[in-house]
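J.: This is what each chain is made of:
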Amino acid sequence: MPQYLFWFFATIMLIGGLAVVSFKNPVASAISVVTCFLGLAGLFIGLSAFFVGIIQILVYAGAVMVLFLFIIMLLDIRAEKARNLSWLATAGGVGLVAFFTIQLVGVLGEPLPNQQAPPLDPETMAAAAENFREDTRIAQSLGEGGLPDVHLIGHKLFTEYNLPLQILGVLLLVATVGVVVLSKRQPERES
Amino acid sequence: MASLNDYLLVSGLLFAIGLAGVVIRRNIIIVFMCLELMLSAANLSLIAFSRFNTLEGLPDYNGQMLVFMVIAVAAAEVAVGLAIIVALYRSRQTIHTDELTTLKG
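Keeping their order, the protein sequence lines are chains A and B.
In case it helps, the numbering used here puts the first sequence at residues 1 to 191.
In case it helps, the numbering used here puts the second sequence at residues 192 to 296.
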C-alpha cells in the first residue's frame, strides 16, 4: 500500500476514535465507531489481509455496531449533560494517554527488524505454490501469481485450527443461550 | 511502503484513545464501544506482524487466525454485554456508572 493511502486510512481511523470519546450524543459516537472501523478495514486490506478486512466491515461495522445503535435507540438515551464529566476522571484519562504515548514513542524510537514488508510478487507466490498439492485451488491461484487469501485461511482453519474453531462454535451457542436467558423478563421482579 | 513501526504507532494510538474513553466517559454503552476500539487496535498489531513476518513467502496466517478468533469472541461479548446493559437499565433506569453504586462498601 502506498504511504499516502496508509496515512489516509490511519487518519480516518484515529479521527473516528477521537470522535467516539468526544461526542456527547451516543448515536454520534456509534457512527464514529463505524467510521473508525472502516478506516481500520482499509488498513487491513492494505496489509493484504483481505478476508479479515471484509469480516471487519461485515461483522464489526455491520452487525456489532447495528446492535449497539439498536440498544441505544431502544433505551432512548439522551445526550449526556455536562455535569457528568468529572474533572478527576478527565485528568486521569488524559494523563494515562500521555504516559502511554510517551512510552510508545520511546519503544518505537529505535527501528524494529523487518522494517520493510517482504514482497508478495508473482515470483514469491509461484515459489510458495510448491508447498501445496498441485490440483488444489490454492496451488493454482498461487501459480498464477495471486494471493488466495480466503482459501489459505479456510485451509488453515479447517486443518490446524479445527478444535479451536469448534470451541468457538460452542462459545457462540453459549452466548446465544445466555442472551436469551438474560433478556427474559423475570416475573418476580419488583417495580 | 509504510513500515512496521508506523503500523504499531497507529495501533498504539488507537489503543490509547480507547483507554482514555474507558477512563473518562461515564456512559456505560460508550465505555463498551471504547473496549471494542481497544480490541481492534490489538487486531491491527496482529495483522501487521502477520504481514511483516512471512512464512515460506506467504503472510503468517497464524496471526490472522488469532484475529479471527478475537473478532468472534468480541461479537459474543458484545451480545452478552448489551443484554446485561438492557437488564441493568430495566431494573435501575440508568446507564451512568456514577449512579450504579450498589457494590460500593
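Accuracy of the hints is not assured; some may be wrong.
[As the list claims (entries may be wrong)] Facing chain B, according to a computed beta carbon distance under 10 angstroms, are these residues of chain A, among others:
hint, residue
1, F37
2, Y60
3, V94
4, T101
5, P111
6, A117
7, M125
8, E130
9, A139
10, Q140
11, E160
12, V181
[To be verified] Here are some of the chain A residues that sit facing chain B, going by a computed Cβ distance under 7 angstroms:
hint, residue
13, V33
14, F44
15, I45
16, F132
17, G145
18, G146
Hint data in this document are derived by calculation from the structure and do not stem from the laboratory.
The C-beta atom is built at its ideal place from N, Cα and C for all residues, glycine as well.
J.: Hints first: check each against the structure and report whether it holds.
T.: Here is how each hint holds up against the structure:
1. F37: Holds: closest Cβ of chain B sits about 7 angstroms from A/F37, inside 10 angstroms.
2. Y60: The hint holds - A/Y60 has a Cβ within 10 angstroms of chain B, the shortest such distance being about 7 angstroms.
3. V94: Given a least distance of 7 angstroms, the restraint on A/V94 holds.
4. T101: holds, 6 angstroms
5. P111: Since the shortest Cβ distance to chain B is 6 angstroms, the answer is holds.
6. A117: Cβ of A/A117 sits 5 angstroms from chain B, so the hint holds.
7. M125: Holds - the Cβ of A/M125 comes within 10 angstroms of chain B, reaching about 7 angstroms at its closest.
8. E130: holds, 9 angstroms
9. A139: With Cβ-Cβ at 12 angstroms, over 10 angstroms, it is violated.
10. Q140: violated, 15 angstroms
11. E160: holds, 8 angstroms
12. V181: For A/V181, the interface hint holds, since the closest Cβ of chain B sits about 9 angstroms away, which is under 10 angstroms.
13. V33: Constraint on A/V33 satisfied, holds at 5 angstroms.
14. F44: It holds, given that the least Cβ distance between A/F44 and chain B is near 6 angstroms, below 7 angstroms.
15. I45: Hint violated; A/I45 Cβ to chain B Cβ min 10 angstroms, cut 7 angstroms.
16. F132: violated, 10 angstroms
17. G145: For A/G145, the interface hint is violated, since the closest Cβ of chain B sits about 12 angstroms away, which is over 7 angstroms.
18. G146: Where the cut-off is 7 angstroms and the nearest Cβ of chain B is about 12 angstroms from A/G146, the hint is violated.
Of the numbered hints given earlier, the model fails hints 9, 10, 15, 16, 17 and 18; all others are met.
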